[in-house]
Amino acid sequence: MFLDPLAAKTIFESSLDITLIPLPMQRKVSVIPKILNRLQTKNTTPEAIFTQRLLMRLYRLQQKSHLYRHVDMFLGEILGALVVASDPNILKPTFEIEHLMVYAQGNISNDGEIIIDTNKTKGIKVLKDFNPVSCYDIFASNLIERKQSAVIGSLTSKKNFGVHRKNELVT
1 MFLDPLAAKT IFESSLDITL IPLPMQRKVS VIPKILNRLQ TKNTTPEAIF TQRLLMRLYR
61 LQQKSHLYRH VDMFLGEILG ALVVASDPNI LKPTFEIEHL MVYAQGNISN DGEIIIDTNK
121 TKGIKVLKDF NPVSCYDIFA SNLIERKQSA VIGSLTSKKN FGVHRKNELV T
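Following our numbering, the numbering of the sequence shown begins with 1 at its first residue and continues without gaps.
One thing to keep in mind: the hints can contain errors.
Pairwise CB distance ranges, derived in the manner of DEER restraints [unchecked claim]: (1) L16 with I90: 22 to 30 Å; (2) P22 with H66: 47 to 55 Å; (3) E96 with H70: 21 to 29 Å; (4) S149 with H66: 44 to 52 Å; (5) N43 with D4: 12 to 20 Å; (6) D4 with K92: 16 to 24 Å.
With a Cα cut of at most 25 Å, we get these calculated PhoX-like pairs of lysine-lysine [as the list claims (entries may be wrong)]: (7) K120 with K64; (8) K125 with K9; (9) K9 with K122; (10) K28 with K125; (11) K92 with K128; (12) K120 with K28; (13) K34 with K64; (14) K128 with K34; (15) K34 with K92; (16) K147 with K34; (17) K147 with K28; (18) K120 with K9; (19) K92 with K42; (20) K9 with K147; (21) K120 with K42.
No wet-lab data here; the hints were simulated from the structure.
Every residue gets a Cβ at the ideal spot worked out from N, C-alpha and C, and that includes glycine.
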């Protein structure tokens with residue numbers, strides 16, 4: 001909101017259905033070790049290994065210097081994806097409809113603030129609570145799931161497929 005308040009205001013005033021995930025909700029999942037614990041399994045996928053290495057590196061940076069203390073805030077983005085795409089019976093999200101607007105008048109001290117607007121008719125769905133433990137479980141289980149993993153063939157088979165498709169198109 002604060003980086004581009006005019007863009008946020010435009011989106012809030014649009015006809016789009018908006019689900020807002022406030023910072024306190026995002027902070028409930030900003031615990032890297034809990035995700036790392038869920039990812040530590042013998043049967044894993046390349047995506048899970050990559051994610052585990054990336055999170056481990058971020059966690060080490062966070063432990064090494066206070067300059068990296070907010071490095072785990074991106075986990076809020078993962079929460080957003082899970083809220084939209086996962087089974088609500090597992091995540092158990094609760095929402096409230098609120099009538100909000102974003103202040104964007106060119107005043108640096110106020111721009112980006114979210115204000116309750118009682119005159120506004122369109123409501124915005126605001127996440128009020130969810131089960132953070134299930135969030136870690138859903139994320140890790142989707143990464144570990146073999147059916148979700150990308151299948152990478154050999155370069156030769158890809159070349160052969162390309163040649164085969166080219167011959168089909170020519171004839």
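The hints, checked one at a time:
1. L16 with I90: 22 to 30 Å: 26 Å, holds
2. P22 with H66: 47 to 55 Å: 24 Å, violated
3. E96 with H70: 21 to 29 Å: Hint holds: Cβ distance 27 Å, inside 21 to 29 Å.
4. S149 with H66: 44 to 52 Å: 36 Å, violated
5. N43 with D4: 12 to 20 Å: Since the Cβ atoms of N43 and D4 sit about 43 Å apart, the hinted range of 12 to 20 Å is violated.
6. D4 with K92: 16 to 24 Å: Violated: the Cβ-Cβ distance is about 32 Å, outside 16 to 24 Å.
7. K120 with K64: Since the Cα atoms of K120 and K64 sit roughly 47 Å apart, the hinted pair is violated (cutoff 25 Å).
8. K125 with K9: Holds. K125 to K9 sits at ~16 Å (cutoff 25 Å).
9. K9 with K122: 13 Å, holds
10. K28 with K125: 18 Å, holds
11. K92 with K128: With Cα atoms ~11 Å apart, K92 and K128 stay inside 25 Å; holds.
12. K120 with K28: Given pair K120, K28 is violated - Cα atoms ~30 Å apart, limit 25 Å.
13. K34 with K64: Within the cut-off at roughly 18 Å; holds.
14. K128 with K34: The given pair, whose Cα atoms are some 22 Å apart, holds under the 25 Å limit.
15. K34 with K92: 19 Å, holds
16. K147 with K34: Given pair K147, K34 holds - Cα atoms ~24 Å apart, limit 25 Å.
17. K147 with K28: Outside the cut-off at roughly 29 Å; violated.
18. K120 with K9: Holds, at roughly 13 Å.
19. K92 with K42: 29 Å, violated
20. K9 with K147: 40 Å, violated
21. K120 with K42: Distance of about 52 Å is beyond 25 Å: violated.
In summary, the structure is inconsistent with hints 2, 4, 5, 6, 7, 12, 17, 19, 20 and 21 from the numbered list given earlier, while agreeing with the others.
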